[in-house]
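First to last, the protein sequences are chains G and W.
For what it's worth, our numbering labels the leading residue of the first sequence as 726, then goes sequentially.
For what it's worth, our numbering labels the leading residue of the second sequence as 198, then goes sequentially.
Quick caveat, the hints were computed from the structure, so don't treat them as lab data.
This structure is a prediction, so every number in the text was calculated from the model and none was measured.
It cannot be assumed that every hint is accurate.
Derived contacts from chain W toward chain G, CB cut-off under 8 Å, selection only [said to hold, decoys possible]:
no.: 1; residue: LEU360
no.: 2; residue: GLN364
no.: 3; residue: GLU370
no.: 4; residue: GLU371
no.: 5; residue: ILE374
no.: 6; residue: ALA375
no.: 7; residue: GLY377
no.: 8; residue: VAL380
So the derived list for chain G, only partly shown, Cβ under 7 Å to chain W, looks like this [said to hold, decoys possible]:
no.: 9; residue: TYR783
no.: 10; residue: GLU787
no.: 11; residue: GLN842
no.: 12; residue: GLN845
no.: 13; residue: SER850
no.: 14; residue: ARG854
no.: 15; residue: ALA858
no.: 16; residue: GLN860
no.: 17; residue: PHE861
Note that the Cβ used here is the ideal one computed from N, Cα and C, for glycine as well.
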Amino acid sequence: MILILLAASVLFLFFVAAIYNRLVRLRNRVQNAWSDIDVQLKRRHDLVPNLVEAVRGYMDHERGTLEEVTRARSQAMASGPDLSARIPAEMLLGGAIGNLFVRAENYPSLRAAQNFQLLQEQIASTENRIAYARQFYNESVRQYNTVQATFPQNLLAGAFGFTPATLFAASAGDRIVPQA
Amino acid sequence: MTSAPDAAKPDATSDARQLGPRDREAFYKAQSRNRRATWRMSALCFVAALIMGIPLTLVLTPLVYALTLATADVINYFSPLPPEFWTTVNSLGRLAYSVADYFLNHRGTLDLQTLGAGLVVMLAPGIVITFILWTGVLALFRRGGVGGTLASLNAREPNQGDLKELQLHDVVEEMAIAAGLPVPHVMLVDSSGANAAAFGTSPQDARLVVSRRLLDDLQRDELEALLAHLIGSIGNGDLRIAFTVTSVFETCGLLVTLINSPFGKQSRGTLWRILRYGLMRSSSAGAKSAEAETVAVLLTGCLDMGDGDIDRFVNNPKKSTWRNFLFLVFLPIIFSNMAMEVTLWFFFTLLLGPCMALLWRTRRYLADASAVALMRNPDALARALKRLSQAATDIPGGAWASHLFVVSPKGDSSLNASRSSGEGMQTAARAWVESAPSVAPSATSASAPDDFKALRMEMNATRLAAMSGDPQAIERLAAFARAMGAARGIQVPANMPIAADIAAACRGDKTAIARLQALGGESRQNEAKRGSTGLQAQSSLSFHPSLKRRLRRLERMGASYSPEAHGKKSKAAVIIMSVLGLIIGPLLLAAAGMMLVVIAMLVMLNIMIVAIWLVVIHGIFVLLGHAHA
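Taking the hints into account, I'd like the entire structure generated from these sequences.
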């Protein structure tokens, strides 16, 4: 009788440990995914000066656009870890870069330049990477929230302090209308 | 569709895109469905392996026993073994005999314990040996991985200065970020085939090989979709599965090589190479994986029937008494080898091979669904697959691991058949007109590309002229073949059989026959060099699902619906196919049944021959022992 109780409690301990480990692994994935978004945003910050230098020679009359991009970049870099300031700043920077590329369409000599094409590809790729990093972050959050709320795990999640994570959603206030 | 409001009905016929496929499926659902299917297929493979294992063990075990007992006899002759040894052997033999008796002649009764012990005695050695070999193969190849030859032979790093290759590098990184995996190492191959594959043993050391032609043919989002498929499959653990599947084939190959080794240089050379590879301390991962793949090719090549050392030994026309003596002494090994070859061939091609192919197909579907999950865009993958169905997808050096590619390297014509042949005829017509000699007599080459009837008559006339030896006609046919090849992106070999040679050979011209034979031999050699033996050759079912089926699944996930992709089969064709199936099906089953009977007889014969051989050897040693004493 004692042996059966002992075996049952050992099994139960293993079970609890397995649930705890799974929750920890998923939560770490969520946190890593968040810092990956950060990495891609910083990469975009680093590419902007190259872009501005590359187009400066060709787009002499577009100084306003170039200044807008530079200003948005310094703002985004200075916005700090507070999300409510950071997300709008990053979206502003994305909009400014997009505006710059739209204006660059009017300069065929610029468009044909080899290093501009490479830079354009790099920045387009960075935008994609930011988007995919957000997608992966949301995927991880979805998985973590699901596991944490479904049956055997939800009994223990509260006891161990695993709270649901928030999705990265663009709320209405973040959608910034580009100034013409 | 049935619940569409009345107001939409007038639009239904005008815009087919609105309706789409009836059975939509979210990609999450598709993914979990395919994962469950994987479990089912793995169970099927396991059962198939067990079924195959039974005749194999029955062949292997008597051989093992015979060899051990023969060596025991030899040792006993020089220094007597303890009597407990012989009493154990005796009791084991009696046990096995009673169990076999019970099964075959239904004589006597058996209790469960005796039955269990008897089965263990009869089946255990083979199982244990195969298991040990398998673990050895797994450990050996875990470091090398698959696909080393391709990566080390003619692959290069992408050049970051070139726009398309920079795009490739970026796309791979984007997809790796979307999947949450470490970025796999990307290599480019400059070949005329358009294909891509993922190699490696785990997500941490995965490698992608992409052909340059793929970059030129596809747009950025289509390339992204293909790479999403590959990276998705890496993330799902397909590399591990491929590794396990390959290891099963390699284990059987190793078994055959071990049995063959006393007989010939080839198997001994293979064993030596395996040993060298195991002890290799090379720091370069590329060289190591290249060596791994060479060893693996050698091992799976052993599974081809009729080519092993023992067969060469048996078929050797040189007859000498020494050879006959060796034949008699090693008879059980030779016979076991033959039985094993037949068993392996039969079960691999018809049972285990197709099961693994089905398993692999499920993983391909899963990778497709994962690609949609990563990109959230099923259209791109559908477009990429459609484009690849028209291109040549063969990459030299990759035939051994052909199951790892995105699209089957042998090409897939399941879509072409249903497409209207107008396009094909147009291409052919243009190629024909192009191939016309520049100094054209006005009578023959005045036909426009649209006049198919005239063109066909022209082609027939040229063909007849070529068969009777007209050099101009021969030249035109060759140019036509080259033009068609260029249109489809295939490289036509320069020494294609000339029509005149074929005609002359038909009439019995010996030199023409010799030339054609040489060409045939050369092409077979080329194929062997490219390694057309491989996992695909061992299975009667293709490892790749047909593109049509993949596109259909993508359409269920939301790719845009295109009616021409679904060919309509006429009722007559369906009826004819089903009648043929009903006739041929039972015939095939009967043939398979006969093969099974043959294999059972071989196994029985093997046991008998081994037993007789053993008795003879034992008798000889007993006599010698008596004479000695």
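For each hint, the structure was consulted:
1. LEU360: Cβ of LEU360 of chain W sits 6 Å from chain G, so the hint holds.
2. GLN364: holds, 6 Å
3. GLU370: holds, 7 Å
4. GLU371: For GLU371 of chain W, the interface hint holds, since the closest Cβ of chain G sits about 5 Å away, which is under 8 Å.
5. ILE374: holds, 5 Å
6. ALA375: Holds. Min distance 4 Å.
7. GLY377: holds, 5 Å
8. VAL380: Hint on VAL380 of chain W: violated, closest Cβ of chain G at ~11 Å, above 8 Å.
9. TYR783: For TYR783 of chain G, the interface hint is violated, since the closest Cβ of chain W sits about 19 Å away, which is over 7 Å.
10. GLU787: violated, 24 Å
11. GLN842: holds, 6 Å
12. GLN845: violated, 9 Å
13. SER850: holds, 4 Å
14. ARG854: holds, 5 Å
15. ALA858: holds, 5 Å
16. GLN860: Check passed: Cβ of GLN860 of chain G comes within 6 Å of chain W, closer than 7 Å.
17. PHE861: Hint on PHE861 of chain G: holds, closest Cβ of chain W at ~5 Å, below 7 Å.
The structure is inconsistent with the numbered hints 8, 9, 10, 12, although it conforms to all the rest.
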